[in-house]
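A.B. asks: Single-letter residue listing:
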Amino acid sequence: MEDLSNLYNAIIHGKLKTAKSLTEQAINKGVDPQELITNFLIPAMDEVGRRFECNDYFVPELLISARAMKGALEIINPILAERGTKPLGSVIIGTVKGDLHDIGKNLVASMLEGAGLEITDLGVDVRPEKFVETAKEKKPTFVALSALLTTTMPSMKTTIEALKEAGIRNNVKVIIGGAPVTQKFADEIGADGYSDSASGAVALVRKFINQ
Amino acid sequence: MNSRERFRKALNHEQPDRPPIDLGATWVSGISASTYAKFRQALELPTHPPRIHEPYQLLGDVDEDVRNIIGVDVIGLWTPSTIFGFRINKGWKPWTMPDGTRVMVPIDFQTTIDDDGYTLIYPQGDRTAQPSGRMPKDGYFFDAIVRQEPLDENTLDPGDWLDSFTFFSDDDLAFIEKEATRIYEETEYGMVMNFGQGGLGDVAFVPGQNLISPKGLRDPNLWYEYLLTHTNYIRNIYELQTETTIVNMELLLQAVGDKLDVIIISGTDFGTQKAPMVSPDLFRTLWKPFYKQMNDWVHSKTNWKTFYHTDGAVMPLMDDFVDMGVDILNPVQCSAAGMDAESIKKKYGDKLVFWGGGVDTQNTLPFGAPEDVCMEVAQRMRVFSEGGGFVFSTIHNIQANTPVDNLIAMYETVLGRPLQ
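Just so you know, the protein sequences line up as chains A and B, in that order.
Numbering follows my numbering, with no gaps: position 82 of the first sequence is 328.
Numbering follows my numbering, with no gaps: position 42 of the second sequence is 583.
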């Protein structure tokens, strides 16, 4: 196997061009794309998450590492899709109805993608019906809801209720987060999990996947 | 002791008879017009459509009768132009918020509703331009529409940002001077200038909502990346902004002199709930030298105090804030990591004035019971009041859907008596 520690380093240091060219080179040399993800991309994003968690990395570092990781995945994913490789799990993510804020939601989506999950990002101001419709179509492992505003937190509850009414609540794990959101609120509205950070969200989904 | 004396004592770290109170003096210590209308009703005051001259967050202008009842001690001085580039000195018209609250807005507050029910608002009131803000169907305030032209990373020009850094016009200065004189001579309130032009890299303003066609980097998500990938480009923008800020402060000084007590320099947020947004090292190299330049100018030329607003967990930056000449910190988000009232007052109470910290607006005030509000407010009053250096306000603006009973409980606790 090639020494691809440079790919790992490129992602940790947010070097998009390097990450892309190393990924291309590796694939041209016949390295298994799944191994690139398992042995380099995921460990690199885990390290980025660890540094973020202990205040060694901050929002800009996280964003540029995620950008480099996505650059590599753009090359890898089509190959895996062709092969029909199944991801570790899948996530539908969005900022709930009435809320247009997405920096936090984007960070979480990137970290989950970096952990090997397939992401469907529905964007901002996502109606409960849209979550339901997409969940029926994609059959995800997780539905991840974000809210920045105290006035839009109730939309998390109505989204969970909509999933119940559609009869698919028990098919997915609902995880929530956002500045005013707390574990207590998550418990009150019957969410399965809560995280107060993007790296915490990775730990949370892994906990469920390993159950 | 009148309000101005009380306010000035607190700013000078002397013990006033009670902490001065702020509601609505700044764009970060106000109240949603929707809640304000209900608050007036609860206080049994004559109802009238609240006036909104902060059209982004749709904050209600606090009226004199409310100020008197809740004991407000400071009022805001504003520039006549708004975040959407239209002016507030051309007259007012009625408008209805999505929740049905009837309000008064500036004449050039021009909106349309799109097919998805979004309310769109236009820069400079120009409906032929692309809208620069939008509010969801059931929303309570606007968010920026990011109008990012394709960027060529090889030909980035900080000069693209010059449209955002303009000098005060004669009309601006005449408006400000007249209002400052009125506040100073006809009232006994302290005065804070809603300036904020030194807010380097404030992502709330990066999209250029006031411009017909903003140029350069305007996407907040990309902005955070460029801090690391194109640091010099950002630094050059900050340099231009600092130059303009200082010229405008000179003009402001000529207009208002020492009638003014406090100037809001920056509203850039540096904290998330858990940690600073950017590394302390990056803050020290990219922001601090410019902020120091602005603060040094204020301290050498005026008697104003410098006011900085930043949300979140900023404890690792506090020594830098002191070092670069911040006098007043707002909103003191006690719920963020490491920001609890006791620690922050103990460590920095003699160096910084805390303007805020009164009660949590993410949790206690909107979702707690009145007793929860009383307990939290009483605790904050006890911790922050000692030795002055405290202006009571909620931690950021009072949001829509906040129970008015909680507001009454809050002010009764602060004043130690029922509201009359």
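Calculated directly from the structure, the hints in this document are not laboratory data.
Fair warning: this is a prediction, and the values are worked out from it, not measured in the lab.
Just so you know, even glycine gets a beta-carbon here, dropped at the ideal spot from N, CA and C.
Where hints are given, some of them may not hold.
Example chain A residues on the side facing chain B (calculated, C-beta under 7 Å, incomplete) [what the hints assert, rightly or not]:
1) 276
2) 396
3) 425
4) 443
5) 446
For lysine to any residue, the following SDA-like pairs were computed, each having C-alpha atoms within a straight-line distance of at most 20 Å [unchecked claim]:
6) 403/A with 679/B
7) 403/A with 379/A
8) 316/A with 769/B
9) 332/A with 277/A
10) 403/A with 678/B
11) 888/B with 556/B
12) 678/B with 429/A
13) 815/B with 292/A
14) 815/B with 429/A
15) 382/A with 403/A
16) 631/B with 711/B
17) 453/A with 429/A
18) 403/A with 942/B
19) 634/B with 656/B
20) 678/B with 404/A
21) 842/B with 794/B
22) 263/A with 694/B
23) 815/B with 302/A
24) 815/B with 446/A
25) 263/A with 887/B
26) 263/A with 841/B
27) 887/B with 634/B
28) 316/A with 911/B
29) 800/B with 842/B
30) 430/A with 694/B
31) 316/A with 815/B
32) 384/A with 454/A
33) 376/A with 658/B
34) 815/B with 905/B
35) 263/A with 844/B
36) 332/A with 439/A
37) 815/B with 376/A
38) 678/B with 348/A
39) 275/A with 347/A
40) 815/B with 296/A
A.B. asks: Work down the list of hints and note, for each, if the structure agrees.
C.D. replies: Each hint tested on the structure:
{"no.": "1", "hint": "276", "verdict": "violated, 32 Å"}
{"no.": "2", "hint": "396", "verdict": "holds, 5 Å"}
{"no.": "3", "hint": "425", "verdict": "holds, 6 Å"}
{"no.": "4", "hint": "443", "verdict": "holds, 6 Å"}
{"no.": "5", "hint": "446", "verdict": "violated, 9 Å"}
{"no.": "6", "hint": "403/A with 679/B", "verdict": "holds, 16 Å"}
{"no.": "7", "hint": "403/A with 379/A", "verdict": "holds, 17 Å"}
{"no.": "8", "hint": "316/A with 769/B", "verdict": "holds, 17 Å"}
{"no.": "9", "hint": "332/A with 277/A", "verdict": "holds, 18 Å"}
{"no.": "10", "hint": "403/A with 678/B", "verdict": "holds, 18 Å"}
{"no.": "11", "hint": "888/B with 556/B", "verdict": "holds, 18 Å"}
{"no.": "12", "hint": "678/B with 429/A", "verdict": "violated, 28 Å"}
{"no.": "13", "hint": "815/B with 292/A", "verdict": "holds, 19 Å"}
{"no.": "14", "hint": "815/B with 429/A", "verdict": "holds, 15 Å"}
{"no.": "15", "hint": "382/A with 403/A", "verdict": "holds, 19 Å"}
{"no.": "16", "hint": "631/B with 711/B", "verdict": "holds, 15 Å"}
{"no.": "17", "hint": "453/A with 429/A", "verdict": "holds, 16 Å"}
{"no.": "18", "hint": "403/A with 942/B", "verdict": "holds, 16 Å"}
{"no.": "19", "hint": "634/B with 656/B", "verdict": "violated, 25 Å"}
{"no.": "20", "hint": "678/B with 404/A", "verdict": "holds, 16 Å"}
{"no.": "21", "hint": "842/B with 794/B", "verdict": "holds, 9 Å"}
{"no.": "22", "hint": "263/A with 694/B", "verdict": "holds, 13 Å"}
{"no.": "23", "hint": "815/B with 302/A", "verdict": "holds, 13 Å"}
{"no.": "24", "hint": "815/B with 446/A", "verdict": "holds, 12 Å"}
{"no.": "25", "hint": "263/A with 887/B", "verdict": "violated, 48 Å"}
{"no.": "26", "hint": "263/A with 841/B", "verdict": "violated, 47 Å"}
{"no.": "27", "hint": "887/B with 634/B", "verdict": "violated, 48 Å"}
{"no.": "28", "hint": "316/A with 911/B", "verdict": "violated, 48 Å"}
{"no.": "29", "hint": "800/B with 842/B", "verdict": "holds, 14 Å"}
{"no.": "30", "hint": "430/A with 694/B", "verdict": "violated, 45 Å"}
{"no.": "31", "hint": "316/A with 815/B", "verdict": "violated, 25 Å"}
{"no.": "32", "hint": "384/A with 454/A", "verdict": "holds, 19 Å"}
{"no.": "33", "hint": "376/A with 658/B", "verdict": "holds, 16 Å"}
{"no.": "34", "hint": "815/B with 905/B", "verdict": "holds, 19 Å"}
{"no.": "35", "hint": "263/A with 844/B", "verdict": "violated, 51 Å"}
{"no.": "36", "hint": "332/A with 439/A", "verdict": "violated, 24 Å"}
{"no.": "37", "hint": "815/B with 376/A", "verdict": "violated, 31 Å"}
{"no.": "38", "hint": "678/B with 348/A", "verdict": "holds, 18 Å"}
{"no.": "39", "hint": "275/A with 347/A", "verdict": "violated, 42 Å"}
{"no.": "40", "hint": "815/B with 296/A", "verdict": "holds, 14 Å"}
Consistency note: the structure conflicts with the earlier hints numbered 1, 5, 12, 19, 25, 26, 27, 28, 30, 31, 35, 36, 37 and 39.
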